[in-house]
Amino acid sequence: MNLVSASPAPPIAVLIVDDEAPARARLRDLLADLAAELPNEVVAEAENGVGALEMIAALKVDVALVDIRMPRMDGIEFAHHLSQVAQPPAVIFVTAYDTYAVQAFELSAVDYLLKPVRSARLLAALRKLPQRQPLSTAQLARLPQAARSHLSCHERGRLLLIPVAGIIYLKADLKYVTVRTREREFLVDESLTHLEQEFGDQFIRLHRSVLVARDAIVGFAHSAADDAETQWQALLRDVAERLPVSRRQWPLVKSLVRRSVG
Amino acid sequence: MASIKQNAESQPLPDFRNAGVMLRILLGVNLLALLAALVRNDGLVACLQDYGAMAAWLQPLLLFNLAVLALLGNRLQGLAVWSARALVVLLAATSAVLLSLLWSLLTFDEWGWQGLVRAGLLAGTAAACMLSYLALRVSALSPALIEARLQSLTARIRPHFLFNSLTAVISLIRLDPRRAETALEELAELFRALLRDPRQLVPIGDELALCRQYLDLEKLRLGERLQVEWSIGDPPADILVPPLLLQPLLENAVYHGIEPAANGGTIRVGLLLRGNELHIDLANPSVPHAEHARGNHMALDNIRERLALYYDLEARLDTGEVRLADGSREYRVHIVLPGGGSR
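Quick note, the sequences are listed as chains C and P, same order.
The first sequence begins at 156 in the working numbering and counts up by one.
The second sequence begins at 31 in the working numbering and counts up by one.
Any given hint could turn out to be false.
[What the hints assert, rightly or not] Derived pair list, reagent style SDA-like, types lysine to any residue, alpha-carbon separation capped at 20 Å:
#, chain 1, residue 1, chain 2, residue 2
1, C, K215, C, P289
2, C, K215, C, E202
3, P, K249, C, E202
4, C, K326, C, E345
5, C, K326, C, A395
6, C, K326, C, H309
7, P, K249, C, P271
8, P, K249, C, A176
9, P, K249, C, A180
10, C, K283, C, A187
11, C, K283, C, A264
12, C, K215, C, A164
13, P, K249, C, R179
14, C, K326, C, G355
15, C, K215, C, L314
Just so you know, the hints here were simulated from the structure itself, not pulled from any lab data.
Modelling step: build the complete structure from the supplied sequences, incorporating the hints.
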């Protein structure tokens with residue numbers, strides 16, 4: 156009813172995320188074909204989830220067409236991190252063949268397209284966008300998720316990614332978990348128990364509130380203080396801090412570390 | 031051309047020159063001896079001692095029989111089934127009697143004629159048992175069953191690869207129609223190979239050509255991320271191998287070693303003819319903590335089972351992870367095929 160509606164709506168800003176160049180080219184072609192019918196513009200392309208999150212931080216994106224299997228960060232992990240962004244774009248997954256993922260998409264009513272993508276299906280998915288809400292926690296929980304490659308946290312309104320491979324230890328502090336990397340510390344809003352379940356093959360528990368990366372332990376030393384609770388301390392690669400090992404965890408920690416060294 | 035079809039049909043009698051058959055006979059007869067020792071004795075120690083005594087007598091007899099049968103080889107296959115079987119039983123019985131005679135002469139033990147007959151009967155029965163066991167085994171692995179099994183084991187290609195390749199080809203049609211044509215032709219060749227009779231062995235040259243076409247298609251999708259190093263020397267291109275032996279392994283290497291790595295990597299393929307054995311080596315970078323690095327071993331189990339159907343125990347497939355000098359890890363597959371790969 157107002158004057159603004161008379162002028163054409165701005166084109167949909169699309170982000171294409173796929174590690175294979177031909178797949179990105181195909182989506183670009185299809186979107187160009189549809190432009191007359193449904194104005195759209197490919198504002199950026201990314202080769203994986205990490206790159207896509209950078210693009211989203213820098214540009215205004217209405218919808219992300221996201222491949223599932225990608226190196227560094229896959230599509231589903233990307234969607235998880237995206238839920239922490241202030242105004243997340245809508246997500247449409249694009250997959251070649253993944254029965255588990257497709258079942259999950261069907262169950263939780265997540266939009267997806269199958270490769271090779273057909274023009275009519277793409278158009279239908281884009282038309283539905285105005286009614287779409289960002290993915291809810293319940294929807295995300297249903298998606299098949301392997302251990303993440305990154306943790307994420309907010310700092311001054313920005314989303315920071317922390318590669319799991321670079322984490323030295325995780326320490327529970329009241330409500331948050333402190334993540335220690337070689338350079339600095341981060342605070343993430345997660346529970347240590349969940350993190351232990353997810354990354355159990357990369358981290359071990361030293362005591363009630365600390366998980367340490369197995370390959371970060373370089374040795375053990377006796378603690379100077381004759382404390383009743385802790386006797387041993389773990390020496391870590393790259394950082395000067397020493398972490399106490401609880402008496403209860405000591406036999407397990409010793410055997411696991413010995414196995415990985417030997 | 032040699033194929034599993036002919037082997038299975040023209041084999042009413044076990045092939046006594048096959049290592050698997052020999053091993054089964056050795057183990058089977060010793061198992062029978064152990065059973066006899068268990069029946070005869072009360073105590074476990076006595077039973078083991080008894081078996082030990084029997085085994086000392088049994089092994090030379092077994093080895094002698096196996097050697098004779100292996101030497102007879104094809105001549106035995108030429109006979110009618112029943113007379114050939116009778117001959118085998120007779121051979122076992124006679125050699126047992128002769129060995130007993132020799133034994134009694136050497137040790138001055140009195141075996142008596144009853145003892146000799148008993149040795150002959152036991153050996154003959156054991157031979158008959160082994161023959162019927164091997165015959166049962168052959169019929170359990172009947173050609174029809176083997177065919178069905180091979181069919182289901184061979185005709186597998188990752189749908190993931192198919193749909194991604196089709197997407198890549200479609201994207202090429204506007205950009206580079208000629209390249210799209212080649213890609214479709216390569217895809218057609220790959221599917222022709224998948225639909226071929228899986229019992230028929232193929233020349234290694236054909237299999238290598240197929241692998242090159244497959245890698246060409248993968249290169250279309252992955253570009254510079256996929257590098258391949260061939261060191262196949264100069265093996266005769268007519269060595270026969272099971273069809274689709276290498277291609278699924280390469281597919282595995284790409285899926286687990288190249289796709290999950292952001293910067294890609296190099297797959298190495300090596301081929302070596304050493305004596306009478308064909309050695310095939312495959313290596314790909316192993317990606318730590320990749321979402322699908324812990325993926326299934328279906329392709330490997332699959333090929334292992336097919337090798338067992340083609341070659342019984344005479345082919346090997348080993349896998350392992352090696353840490354390289356630069357600290358990275360590499361996943362390796364090593365296959366050994368007998369008879370220069372052909373039969």
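- Message: Would the hint linking C:K326 and C:H309 be met if the CA-CA limit is 20 Å?
- Response: holds (18 Å)
(Q) For C:K326 and C:E345, compute the direct alpha-carbon distance and say whether it is at most 20 Å. (A) Measuring from Cα to Cα gives roughly 11 Å; hence the hint holds.
- request: Starting from C:K326, check that the Cα of C:G355 is at most 20 Å away, please.
  value: holds (15 Å)
Is it true that the CA of C:K215 sits at most 20 Å from the CA of C:E202?
-> Roughly 18 Å between the alpha carbons, so the hint for C:K215 and C:E202 holds.
| message | Tell me if the straight-line CA distance from P:K249 to C:E202 falls inside 20 Å. | response | holds (16 Å)
Take a quick look at whether C:K215 and C:L314 sit within 20 Å of each other, Cα to Cα.
Holds: C:K215 and C:L314 sit about 15 Å apart, inside 20 Å.
Hint consistency between P:K249 and C:A180 [alpha-carbon to alpha-carbon, up to 20 Å]: At roughly 16 Å apart (the allowed maximum being 20 Å), C:A180 and P:K249 satisfy the hint.
Agreement of P:K249 and C:A176 with the hint, judged by alpha carbon distance not exceeding 20 Å
holds (11 Å)
- Message: Run the distance test for P:K249 versus C:R179: straight-line Cα separation, threshold 20 Å.
- Response: holds (15 Å)
Original post:
If you draw a straight line from the CA of C:K283 to the CA of C:A187, is it 20 Å or shorter?
Top reply: Holds, at about 18 Å.
Note to self: Between the alpha carbons of C:K215 and C:A164, is the straight-line distance 20 Å or under?
What the structure shows: holds (15 Å)
### Given hint C:P289 paired with C:K215 - CA-CA distance at most 20 Å
holds (15 Å)
Consistency with the previously given hints is maintained throughout, with no hint failing.
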